[in-house]
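Grab the two chains, each in its own frame, and use the hints to assemble them into the complex.
The listed protein sequences correspond, in order, to chains Y and Z. First residue of the first sequence? That's 4 in the numbering used here, and the numbers climb one at a time after it. First residue of the second sequence? That's 1321 in the numbering used here, and the numbers climb one at a time after it.
Don't take each hint at face value.
[What the hints assert, rightly or not] Calculated pairs, DSSO-like style, for lysine-lysine (alpha carbon to alpha carbon, straight line, at most 27 Å):
{"#": "1", "chain 1": "Z", "residue 1": "LYS1376", "chain 2": "Y", "residue 2": "LYS502"}
{"#": "2", "chain 1": "Y", "residue 1": "LYS502", "chain 2": "Y", "residue 2": "LYS517"}
{"#": "3", "chain 1": "Z", "residue 1": "LYS2127", "chain 2": "Z", "residue 2": "LYS2073"}
{"#": "4", "chain 1": "Y", "residue 1": "LYS481", "chain 2": "Z", "residue 2": "LYS2127"}
{"#": "5", "chain 1": "Y", "residue 1": "LYS517", "chain 2": "Z", "residue 2": "LYS1489"}
{"#": "6", "chain 1": "Z", "residue 1": "LYS1376", "chain 2": "Y", "residue 2": "LYS481"}
Because the hints were derived from the structure by calculation, they are not lab data.
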Amino acid sequence: MSTATVTIDGRRIEVTAEQTILDVARKAGLDIPTLCYLEKCGPLNTCQVCLVKLNGKLVPSCGTIAEPGMTIESETEEVYEARRTALELLFSDHVGDCLAPCQRLCPLGLNIPGLLRQVQSQDTPGAIQTVRATLPLAGVLGVLCHHPCEQGCRRGHWDGPATIRDIERHVAELEDDQMFAGIQKECEPGRPSLAIIGAGPSGLAAAFYLARAGTAVTVFDRNKEPGGTLRMEQLPAGILAREISILQRLGVKIETGIELGSGVSLTDLLAKFGAVLVAIGDPVGQTALGLPLSSGRIQVDPHTHLTPLKNVFATGAAVRSTRQLVRVMAEAKAAADCLRDHLKGIAPKALQRPFSSVMGRLSPLELKHFISVNNAAAATTPCNRCASTGKSDPAGHGHPTPALQTLFTPLQATTEASRCLHCDCASSGNCILQHYAQLYNADANRFRSERRPFECQVMPGGIIFEPGKCILCGICVKITELAAEPLGLTFIGRGFDVKLAAPLNQTIEDGLRKCAKECVDNCPTGALSMR
Amino acid sequence: MSSLLEAPAAIVRPEPDLAYVDEAVERYGRQPDAVLPILQALQDHYGYLPHAALEKICSVTRITPAGVSGVASFYDMFRLQPAGKHIIRVCRGTACHVNGAERVEDALKRELGIVPGQDTDSQGQYTVEQVACLGCCTLAPVVRIENATFGHATPERAHAILREFSELKLNGGGARSTEELLQPAAAKGEIRIGLGSCCIAKGSDQLFHALQDEVARTNAPVNVKRVGCVGMCHRTPLVEINAPGADRSLYAGLAAPDVRALVRRHFRPRGILNRAKQIADGMIDALLGVHNHEVISSAALRPQEPSVCDFLGGQVHIATEHFGESDPLDLDEYVRHGGFTALARCLGPESKPEPLASPLQAIPPSAIPDLLDRAGLRGRGGAGFPTGAKWRMAREQTSNSKYIICNGDEGDPGAFMDRMLLESFPFRIIEGMAIAAVATGAHEGFLYIRHEYPLALKRVRAAIKLCERRGWIGQRLLGADYPFRLTIKQGGGAFVCGEETALIESIEGRRGMPRLRPPFPAVSGLWGKPTVINNVETLAMVPWIICNGPEAFAALGTKNGRGTKVFALAGNVRRGGLIEVPMGMTIRQIVEGIGGGVRPGRTFKAVQIGGPSGGCIPASLADTPIDFESLRAVGAIMGSGGLVVLDDTACMVDIARYFLQFTQQQSCGKCTFCRIGTRRMLEILNRICAGKGHAKDLAMLETLAQQVAAGSLCGLGKTAPNPVLTTLRYFRDEYQAHLQGRCPAAACTALIKYRVLDNCTGCTICAQHCPTDAIPITPYQRHWIDMDKCIRCDSCRQVCPHQAVEKASP
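Just chain Z, same shape as in the assembly (with noise of 0.2 Å):
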């Protein structure tokens, strides 16, 4: 046997220190509903779970044997094996699918000598994982390094990413933390710094402390402001200046070096000894020839600048209402903005905390499912069920404990639009949790969310605490006579857990498998409780609804789709970001009008919406709107929101069986036609993209697929096989290729083939880069690629600097 399929040599670590496992068991309690927490806990502690330590649990708490080994073995995020130092995740999302994650990913593991088949290299100093998605697709493909973040990631890059890495590391771990409590200070200027997720992974959390330091320098008179998401990933970081007397001026794509010159541009230091210093400092800069203000300048984003019109254009800001602008954790600055107002008047005048201004007209919370109704709000997680409906139904229930849950365990690759709102808006999250338990008469609250939004879950738990502390969640909930809990349960990487049924049986501490409905969670959820479940979103629009009245939501969209949708557009799109428009408006007008098309030279295909539930869409379909009932008509579904666009590079049937391994993964496993279905589709798919398909492969694959989708359990299963049927229903002809051999995108690898043109000079740079000496190396010669040797890893083409590396299926 070859010596490559040997188990490595076992990692030698010491015994682990058990006295751990009383502290979290102390933290979280010895009920059966503890476990996730408990194991999450250990998981953070020791970096995976010691089976002593499962031993344990056992025996101080009431969480039975069963229990622990099915929760610790169904979740993602646990590991039962001693992992590397360091964790590398590569994103498998959508966005960086389509843009080549796969190839980083070999390349990482390349690089770090990690045999096929194993995850960590032989020192045990970097394990290699793939995750579901991270969250920010519209820096595809990423790689996350512990919590450093590397966007637009390239297989050439591997080894860059990993010194950079470790450079990081020696410098003491990277930057301070941006998520302490700001103390706004007296100050006439404003400048304002986008810090999500997306926003952080592309610096500017360095740009962030450069901006803090600088102005602390210079004294100069201006509020450094830390503001959600901006919406526009696709320019980050994006920095927004508001001077006194001057219009706001927006600079995207700075660095921390070029923060001095920008201060200086816009500000005036306080006080005669900051101004002459700021003078001396210009004349040693231009003494030293740095010359930033070319940097600045050309950085300068005019507000009025079409393309940013484009973007912001045809957007209505309802979910993410004054996006950009406040500081996620001031509470005061969101009560300023109006938050609270719409809890208040559900509240009644009971509730008139200071400062908010005595509530407009009261609505009796009976009233409140009629108002949604008014507005057609629907559900914004992806079935759309009729907001009012549901809270209807839960409030008619005799029961006397009710629960609120917000679903944010968006699992959808290619979906970011609950981490941003999570993180932007916790309030209005908060808020309108509150709203609809006082219209459902509950008085707990748990907020769901993945493990993989580390930043969203410290957000909410530090705006939770702020409430709590201004007593206006808590006890008494904005002061009126009304107990209200919230708790925050983290996901532990389980795609079906977005599912309802399967949700509940997370918190309940169980493997998250999904229930049989009816019974709804309306009428028989959590505990076996009448439960709310609405997605973030969802959530987020009820207090905007309810403080500009029903009418002013169902203004906006069309009959099968009411007020707006936000959605995470990514892929081959030139301006990719974070988006809320209103219901109704046409794809195209999505992707050309906001997103600014494909890339130039480029022809756009389709977009791919609602990720692994959704459907591909072609380009000819394009001036579809929309909106629930249009997009079911051309068999795709809302979704929670993923919209990716795809250019002529994207293979269809890579996408179909991309999405489909996706699901296939996450399938819990508990019914039969998800289970081995998802499978066997799986496996008629990977052998078409191999080219080893069969004529009858098809037919095969249509019949399943229908089947999966009708006999399976729950939601995952039965929309799984909608990427499968939406690609075979309109584009057909692709699968027909592969049969014959051929990727007409050139895209699956095992249907490519690399050429050298004519116009090679011989530089050898792509024999360079070769990572299996594919290339020989003949300088000024015309070079050739062996095809035995070759990986399709794609390197020569990319590094070719004369456009000489051919890629094509035959």
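This is chain Y alone, in the form it adopts within the complex (with noise of 0.2 Å):
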């Protein structure tokens, strides 16, 4: 006897009797994304992100069974784009962000609510992880940087910002044995290894990438000392030399004093060299380098940092002239990873930025609900800068510039800290509407419209669910059905005004007596969670 197939994008797959399209396209590993599917629950065809072409018509994979013969489409371009279109849908009424605004607004994406918790929970080793982990030259930038984390705290909206790269440079200036733990790798024997020409912010930038990757990198630079124009910054004294030892105890290894085009030529670097990154910005080098230019400017693809020399990329002020040091390091960033693909015999691609639903600014009133609910304890506590100079400022502007040498005390750090208000979704990274958005390269604001008004119901149990985010999947109103609990959950209303809540207007937790952990659990969102 023949066994029974269907065909998936080509693909003949064999089927069991009353198995889904699901559930065959999962066991044979393809990965069709559903939302609003557990198993137990059985289909509940709510969510519509797992439709597939069948018979010239757009189904749900999760509902409809899988007969014999069947010719399914699940990877085409047009059954990618409806799915795509449905979680830009969910996106347009879905309340909340995924990223904190802090981080989102980071050009170099740093874990800020992440490190602001280990701070305040005086996780020192945890801390120091997270900003080595991710900045490059972190004590540099945290005097510095341009702090735009600073312009998006919600906080600031309220009696100022935390103190951000305040907190940051507090940090960098820790020191811990572990401090390298989990960033260091060893170099890949057999691996071709790098040429950085520069080493100035933006060379400095790239090697900590690469070599944080695992990339043997060789920094060159003309002058004496590296660094660059870092040099004629004004930093706290040993800052800069600090943060090159570590870059070098990273594996970096730098070559000053010598001069491209007169001792070394590009041909030369490019024979010992897997690929060389040319990251300088005086102009007057690049004639020399015999790199062909544009306008004054070295020539390079926009997204791989491609010159047209074959092995040879670009970054920097000789290609284009970025004012903020970390705007200079996030190009520096793009650049290493092309370096990267490029290495492994990928091509390079654009960088793709981490996924974030944007929720937008708050009104007053949304505010205070949002700061009772999220950090009530620290509604109250002054900023530092306002603190330490007995300045308050309830408007929340005009803090005090702070002062060049002046560092934090460990207790200042973590009363900072605590004033943080923790705006990132505690599902992020766990949310499979996130996941999928950041798959299908959903854009959340394609059908953004007005916003509904933000919401959150903490409970004394310790559940906290957030309408704006509920996607109305129904998970949860079957688990409370099939465990027959008392009250359970339900859907009221019709319609887009439909929202989930417990019946008789008690609340979710009264609905949620006997399986609140699983419904937690099995959220597909941040919608419902816990404390």
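As structure tokens, then:
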């Protein structure tokens, strides 16, 4: 007897009786996205993200039985577009930030709320790792960064933002034996090593990212000391030297006093290294390298950072002049990523930013509610700058500028970190909606419309319900039904105004006497969580 | 904060007495599926659903709290807060919309002093609600206050409507019921009067009682007979007189005071005394100067009159056979007209109840689906699925219980075919269901009827009772050993329940949220058992097909659609009403032939066919024949049969927005595409109609519409974008004009301006009617309108005796 099969995207896959298309695809290792499917609940057919094409129509794969002989399309442009639209429609009605605004605004993507939680709980090794894993020359950034993170801080509209940069600097000044644990990788043997020309902010940042990823890097500079333009900045004594020594401990080789063009040529370098990243700032040196220029700057592909010369990449001020240090470093990071792809033989691709839903500005009333549910305890803790000068400014603006040389005491650091409102979603990184949005390159703002008011219900037993993040998948409703919860959960209302709630005007917690944990664990988004 | 935004003083009401909950539970049972009927009973009793009553239901039945709250918040008919003493329902059906229902609602609210955002006045007397469709489309715009229906409402009439209603209340609640079972007396003549919902709304029940009283008073040899819908809704109340030895006479638009003259004109009273009285009455009338004769003569409508001939000429009556002749609840008459012979044939020789003549050749149940195949009968509810195939599928299932459901949840705004069929031909529907039961092996049937159709519910309930009393349904079916029980289920006001799987959920006592198909209901439907769900009209056609043979049915129509289709013809058309035409008739033949075209001076622009799931077909495609395939080819669908004619005063963008607003409000909220997608589409359309659209909006709207159509779970979502897609296809220039800030039909209020022309005489009538004092009172001088104060209610333009007010879009 021949086995029954279905064809998915041209692949023949065996089926048994009463299997859904989703079952069949998953068993064969195909990833069909679903949000509302949980095996014990059966197909709920609400999210419509698991669409596949069958007989010219889009059908939800979770509820459609795979009949032998079916021809199914899953990874085609049309199906992909429909799934992406479903995700984007859900985001158009999603009230919440996956990433906290500070992290989203950080060009280097530092996990700021995570860092502040570590500082607050005095997890020094953890805090150091968080900073060191993400930031090149962290101590320098801690002084010179223009801190866009603080501009995004929700507290800025309350009583002044958390002084994130100062905390960052505080952490960067700390020493810890374990500071490179989990960051430092042995250079993989046999891997071609790379050359970077220029030991300024760009070159050093690129070196950091490449070394961190286990690539052998040598940085060349014509000056006697590395640092480039950073040497001209007003920096507290010793910071730059310390940061460079940390880079060297990461395995970065720095050769100074080598002038390109006169002593060593680009061709020489290419003979010795797998690829070269030009990261010079001084335009005078450019011609000497023999790189094609366009309007006075090195010509590169904006996405791949590749110059017209084979195996030569470029970044930094010689390509594009960028004022802010952190942006220069972000550019260098992107170039470093392209370089790594190139070495692995993958065509370099444009940087994909981490996906995040964006809640946008909160009204004063919403902000009050937001603070009361997120960090009521610290709602009145004044910021350090105001506290140290005794000049409190409740309007939230005009904080005294910090003195360059002052450092936080450990207590000041923990107090300041405690002011964080933890605007990041508790489920970020663990959220199915976010996961597929990233995978499907969804645009959270494509159908953006007037936002629903922010609402968060924190219940005495520790359950937190955020209606704005609920996608009405129905999993929790079904779980309570199956568990015969005395009260349970239900949908209230109809159409666009449907809400998840406990019946008879009770609270969600009242409805979840038996299966709170199961519902929280299986919530595909951050709508239901536990404190 | 302005005082307008503050909540009005709460209306203090005593705690409700919960004893009624027990009563309702006793009546409907304690099982989870009793939730909808129990809540309906409580809503009727308390006027809303008191919280304590909901808690009590959970404690005394097996209904869960989740079930109660979920269901109570899903259906429109339930209120969780007390409403005003009287509920004013403003119909927002298509015909009402194009005739200005929105302005009427605003005017009523202004009249009652209801602040924006509220629905009840401060005294708690009146609550103004919108209702999807009252099914009285030919009287548009329609307002219903409790049981009194007011047709052709206008903003200026708002005050008069409220006064009329309170007078009606003072006079003891209006007319007597026309729903008692009538005893026909021996008589030679017959006066027939149509008593469908629209006819009643136009005063035909008062006329009916006046005629009965007059006949009783004069002892004239005539029966006054209630008949179902006459179809000619544009001429109601319609009275037909069949006097012995004379041609039948038709009268349109008569009122109660005219009956004396009418009866006198056609019938001689019996007995010398009565005759003498008649002569005396005539003399007194003449002395008093009452000239009813002139009224009567002008109301006379010769059946040969061209307008009548045109209206009736092209029609073929199958579902509406014997329309306007039979009493909806006269079972004997139904049998005299050949009723129940089709069922008798299907049951075979076993069934031979008196007075049925011995049945013709019997049809074995297994042959019924084939017979319907040969007739080419396809579902009349919208999608056009072959009925024979559906019945065969159910028949082939081996299951100990199967069900038949009659889908009477006609929710399309602008459609009232099902209501009329249920009101006028309840026995025919019952017979159709019984045949379906015999053909598939089902022993239980449900009629799911909207609660907005009180008369249909009443008549069907009475018809079932009459059949049961005669032993024709129940333990035995028409005398044969075939149990068949029928139950009525009342809808709760949710359009989505017209979708068959949502309807099943609703009967099972849940929120009406559709299920994924397959499995189809014919395989796994109500309580997981094989279930045949047919539309009212489909079932009404079955007895005819069996009596007259499938060939006779198939001979009508085209290969893309056999037989006939009932349409509710309404909108900007001269002769609106209920019509049944053979498939394949063109849109033009219907609009211009039967409907008499648009009003004088206007041009025919488009028809909207198939309601919110259908599309707008432009006048340039008016020669499209009406059948399933041809309509689909032009982007519309047959739908359930709403046919709204639009003239050049209709804005197509506004029409698209209107339908989308409807479907968006009626979406169950289950799947992403329909719940959020239709909302986002509506926001774009709102923006365009407000003159705030962006150039990229059209492309975005079109893409989103296609995605919603492709990705939604059920028929509602899949077809919701049709009105948008068809108007984008045929009337894109109107969308473009809106993007430039102009509404070509001058219908979108944000884009129009009013102006007083030179021929203004300064009569101040407009100024007196202006609700916002936007027109200063300047006697004998040309008026002017302050556009900042103007709310575009159109009152000034309508009341101006010199047509000196102009409405225009720049």
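Checked hints:
1. Restraint check for LYS1376 (chain Z) and LYS502 (chain Y): satisfied, since their Cα atoms lie roughly 23 Å apart, inside the 27 Å limit.
2. At roughly 21 Å between alpha-carbon atoms, LYS502 (chain Y) and LYS517 (chain Y) fall within 27 Å of each other, so this suggested pair holds.
3. Between LYS2127 (chain Z) and LYS2073 (chain Z), the direct Cα distance comes to roughly 6 Å. Compliance with the 27 Å bound is thereby established for this hinted pair.
4. For the proposed pair LYS481 (chain Y) and LYS2127 (chain Z), the alpha carbon gap of about 55 Å is over 27 Å, so the pair is violated.
5. Distance check on the hinted pair: LYS517 (chain Y) and LYS1489 (chain Z) sit about 54 Å apart at the alpha-carbon level, beyond 27 Å; violated.
6. The straight-line distance between the Cα atoms of LYS1376 (chain Z) and LYS481 (chain Y) is roughly 24 Å, inside the 27 Å bound, and the hint therefore holds.
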